[in-house]
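Protein chains: 2
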Amino acid sequence: MVREEVVNKAGRAKEASRLMGSLSSFAKDQALRYMAEELVNRAEYIIEANKIDMAKGRERGLKGSLLDRLLLTEARIGEMADGLKAIADLPDPVGEITSMWKRPNGIQIGKMRVPIGVIGIIYEARPNVTVDAAGLCLKTGNAVLLRGGSEAIHSNQAIAKIISEAAVKAGIPEGAIQLIETTDREAVNIMLKLNEYIDILIPRGGAGLIQTVVKNATVPVIETGVGNCHVYVDDEADLKMAKEIVINAKTQRPGVCNAMETLLVNKKAAGVFLPDVLNTLKDEYGVEIRGCQATKELVEWVKEADDEDYYTEFLDLIMAVRVVEDMDEAMNHIYKYGTKHSEAIITTDYNKARRFQQDIDAAAVYVNASTRFTDGFQFGFGAEIGISTQKLHARGPMGLEELTTIKYIINGEGQIRK
Amino acid sequence: MVREEVVNKAGRAKEASRLMGSLSSFAKDQALRYMAEELVNRAEYIIEANKIDMAKGRERGLKGSLLDRLLLTEARIGEMADGLKAIADLPDPVGEITSMWKRPNGIQIGKMRVPIGVIGIIYEARPNVTVDAAGLCLKTGNAVLLRGGSEAIHSNQAIAKIISEAAVKAGIPEGAIQLIETTDREAVNIMLKLNEYIDILIPRGGAGLIQTVVKNATVPVIETGVGNCHVYVDDEADLKMAKEIVINAKTQRPGVCNAMETLLVNKKAAGVFLPDVLNTLKDEYGVEIRGCQATKELVEWVKEADDEDYYTEFLDLIMAVRVVEDMDEAMNHIYKYGTKHSEAIITTDYNKARRFQQDIDAAAVYVNASTRFTDGFQFGFGAEIGISTQKLHARGPMGLEELTTIKYIINGEGQIRK
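Those sequence lines, one after another, are chains A and B. Mapping to my numbering: the first sequence position 233 is 258, numbers consecutive. Mapping to my numbering: the second sequence position 340 is 365, numbers consecutive.
To be clear, the hints were calculated from the coordinates, so they are not data collected in a lab. Accuracy of the hints is not assured; some may be wrong.
[As the list claims (entries may be wrong)] Example chain A residues on the side facing chain B (calculated, C-beta under 7 Å, incomplete): (1) ASN33; (2) VAL392; (3) GLN440.
Heads up, the beta-carbon is just placed ideally off N, CA and C, and yes, glycines get one too.
When you get a sec, could you build the whole thing from the sequences and use the hints?
Here you go:
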């Protein structure tokens, strides 16, 4: 029965997707705006459903931060609707011919952006992902099969019902937006292997979810998420700038993947820099510091870091610190412990800036800026479906373009191959 | 012991790859040219090794076409060497900044092409793939782990020894080019799950090999290969052109993935077109024809096609034919039986050309040209590592660019996120 629901919905998504590549931008944008309207009009219906999830969450003893993520208010529903309108306002990537050239035999070859087909999104608590993912997939001409967490199932059902009905009323093929309604975990296992109907899977959530998907899927996966990010403060650095960036990268929003987890400091700068910045982090921001021996010698109250700390994405007001001999040692540390997400150097030295940016292998490599900018909106994409930490297809923040693939179009007048 | 060899070589490839992103184009091209020289200088050594494979192949009763693929002569070794020189002559994609922009807060964000890391190539009989894949991976700054077929093991060992030694002598890090020498099939299973060291896998060979890799790998895979390609001859078509294209697409090289397998003909054109073209295909090219009922009514000697024929990639002088009502029926046929590789329409009608090219979902969609052009060299890429039939990362012929990924480089002067 679980299989029946998943296969049936995926099959309908596949059918819908066949028609969606030809939808005009106008039709898609109109649908997105109507979906936004309907979310606002029917906010009360969503809030009622959300109350059930909230009550169950409390019963199950979900912690405060998770309950907060789950909570839907009129204001939050308004934000989700605004998100859809913002997607409608973006240019449509589908149909764009990114290049076209002519071969000596006269055939013209063009590279055209087209939808991928059916995108499976497997995500955890936040019900806003339901709206967001549906909007981004619709904009890019993809059908979407949504599988949210069981904690948010009533909220997701209400939202999916409203937006999919609105989409159909606005002329989008039936089946383009679908939510898996069973909370049986088997549904995920079935999605992972449904190559016949699902073109790609994007897991959004904790490391456990992502690893399950990556390890078991036969459908191609775009891996998102884990960011064990570093800031390296060079001996030749503007230490005032370095302090601001370190504080920002650690504390501005510690629970996200582009927050800094380990601070690396050149030993020549450590004596001046560390006592100041670590005291500020502790006293003004409540950050717990775990440092190497050299750090402890400079700042006595620091806890000792073990190897495991350097591997950890704390996602919290906790930070590891290591004093390094030089930039090479910093780069070796990043190579060993990093997850190739976002890495920064703070330096005034041109050659070191250049070499760090060249040699560090990560989705985003910064000179003199906070790692917190690794984000589709901050990069100017106007949208974000996640941040890819893999190297195939998409790397770093994924906007609309990353939800498309290409096809070659070839125009001739009878050319044959000799 | 098998595991030890694979893990050990993959680990060394990973280490080598860390240094390879920084190699200058000059150093890589010089190495490629030296590898070419050494192949020619030591041709006799390769031919001796090849003789062992040939003898074993004959013993095992390999069929003529396979033995021919396996055979290495001085001329063929010369061609492999020329291939390396041609790769050296291509522009280096690594380090190219494909776009760079400035955000309102002043940070500059650039998108830079970088190597993927370690590429695993799993391939069958042809020993030229050893040279070709090693050359393309080196050019793009990737380390390569090669796993060829057991039939060609002695040839591959000789070739890999020569080119990897030449590469090291020319200054390429040791471990950049490595061949798995055990012929134990377990080696492939180990490669498929070696996410720690291998960034992507590219299987090159028959459908069986490709499916094994796709279904069992946890390392991301680029699927290549299967092409069940169609030519649709519209009622409004230049039938002389249509005939030339059909003959070319079927017979110019029937054993490859971009050859046509099924001919679809509009019923209004069938009466004039089919008897002529099918008789020519049979009499002049020895093509076996399997047709629908309507085809048989027009051309009596045609064998009856069953549903299975329409699903089959014959890779041989065999062709299926179906008479269709109109373009929509042709497109439905392609949707049902096609593999999204290369599809062509022959028409003089502007609107049908446009709609076919828009609505057909395939890596390459042709108007009035032979499907045989789906090829990296024919497209003007100067190289080809395979033809991707998937939608992630690469679709269609893959040249040097498809062997790279990107990273974002961000330059600031102290920007933090508010």
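Going through the hints against the structure:
1. ASN33: This hint is violated: A:ASN33 lies away from chain B, its Cβ roughly 19 Å from the closest one there, beyond 7 Å.
2. VAL392: Hint on A:VAL392: holds, closest Cβ of chain B at ~5 Å, below 7 Å.
3. GLN440: Hint on A:GLN440: holds, closest Cβ of chain B at ~4 Å, below 7 Å.
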